[in-house]
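Asks: Sequence:
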Amino acid sequence: MTVELISVGTELLLGNIVNTNAAFLAEKCADLGLACYYQSVVGDNEERLSAVLKAAIGRSDVVILSGGLGPTEDDLTKEVAAKVAGRELYMHEPSKKQIEDFFRRRNMEPTGNNWKQAMMPKGAIVVENENGTAPGVIMEADGKKIILLPGPPNELVPMFEKSIMPYLAEGNSTIYSQTVKICGVGESRAETMVKDLIDKQTNPTIAPYAKNCEVHFRVTAKAENEKEAKKLLKPVVKELKSRFENHVYTTDVDTTLEKAVVDLLAANKLTVSTVESCTGGMLAARIINVPGVSDVYKSGYITYSNKAKRKILGVKKGLLEKKGAVSEEVAREMAKGAALISKAEVAVAVTGVAGPGGGTEEKPVGLVYIACNVCGKIKVKKYNFDGNRAKIRETTVSSALILMRQCILEYYSEVAFGKKLDENADRRK
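Numbering (our numbering), first residue to last: 1 to 429.
No lab work stands behind these hints: they were computed from the structure.
A couple of the hints might just be wrong.
What the hints assert, rightly or not - Here are the simulated lysine-lysine pairs, DSS-like style, with alpha carbons at most 30 Å apart:
(1) Lys144 with Lys116
(2) Lys211 with Lys238
(3) Lys122 with Lys28
Build out the structure end to end from the sequences listed, making use of the hints.
Replies: What follows is the structure in structure tokens.
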């Protein structure tokens, strides 16, 4: 079944407000297994709204309109939809009473135009609005469904989740999704690694989504019930894990990269400290966003100037003069100094040229060095990022988290390998 979204409001066309409703509805409809091929934004104009709605009805099974259900003259959605569907409007007494109660609770008097919101198309299903005065509307005709929702997100979201989702799900197959999140692999390479799976999978389907330094694969199955859907998902998710190995950091949609890193630290009873130059505390802030991080996070240092790098971290003046603050050697010393003064098992250091100025031919804008120190074993990586100052700093933070995770995994892999060698040697004695 196909769904089409129409967002109504001149303010959307002018860019006065961000259209968060469309993103929310598109995601929820995808969860319901509805295919969305078209989305439109139209202003508060009867002729244009009518034309867009007629086109949508002609090519989609479900049309969801948001906005334009208010009490003013330019709120035309319900009137236009009723006209297109050939329905007359009548006064819906339960809606009128709800509006009266809404104003009474606030010690206010409704004005004459408020009763416009209680006028409903004949034969329609009226959806109660618990957070405002504009009820939702569902019209069914010739196998098509037209759904009208209020524009304010604090009214639309609860109405859709409580009333519209169950209505649309009724009689449909169960849809179940799982997200496989990977880091440390570029978007194009990640897609190439699973292109054969994407091409051959029809149920479940695999959809890649590029994030900042991450790629998420949403695996969605349709079945008679959730148990059967999960059964279909299992081998596909297993195959993705097999192909990406340690690059998979979670299959929980709510787990962020920073939470995965914090969980990894906690699982290995490690503490961490951060030291930042060009990111100015952004890495620390992202880690500290994770609930319960106080069990693993020790301290953070912002050593923006060379003097701070010397005084706080003990980076030698001669090294800074010879190699410069943005260098592999200084990043290494920053990570070493942070671990020493904080007594943390893990220390991550960041230094780079975020721009827009300060770059040279030798050290251009976007050049970043990130060092990770895990129990004295230090790894430094050089990066050349593109974008403006904000983008470079954000990408640096994500890359630091990825490097931290990678170094911890490598360290414990080597420790486990060393223990195995020792055990084998003991057996041979």
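Asks: So, for every hint listed, does it hold in this structure?
Replies: Outcome of the hint check:
1. Lys144 with Lys116: This hinted pair holds, its Cα atoms lying about 25 Å apart.
2. Lys211 with Lys238: 22 Å, holds
3. Lys122 with Lys28: 28 Å, holds
Going down the numbered hints, you'll see the structure goes against none, and every one checks out.
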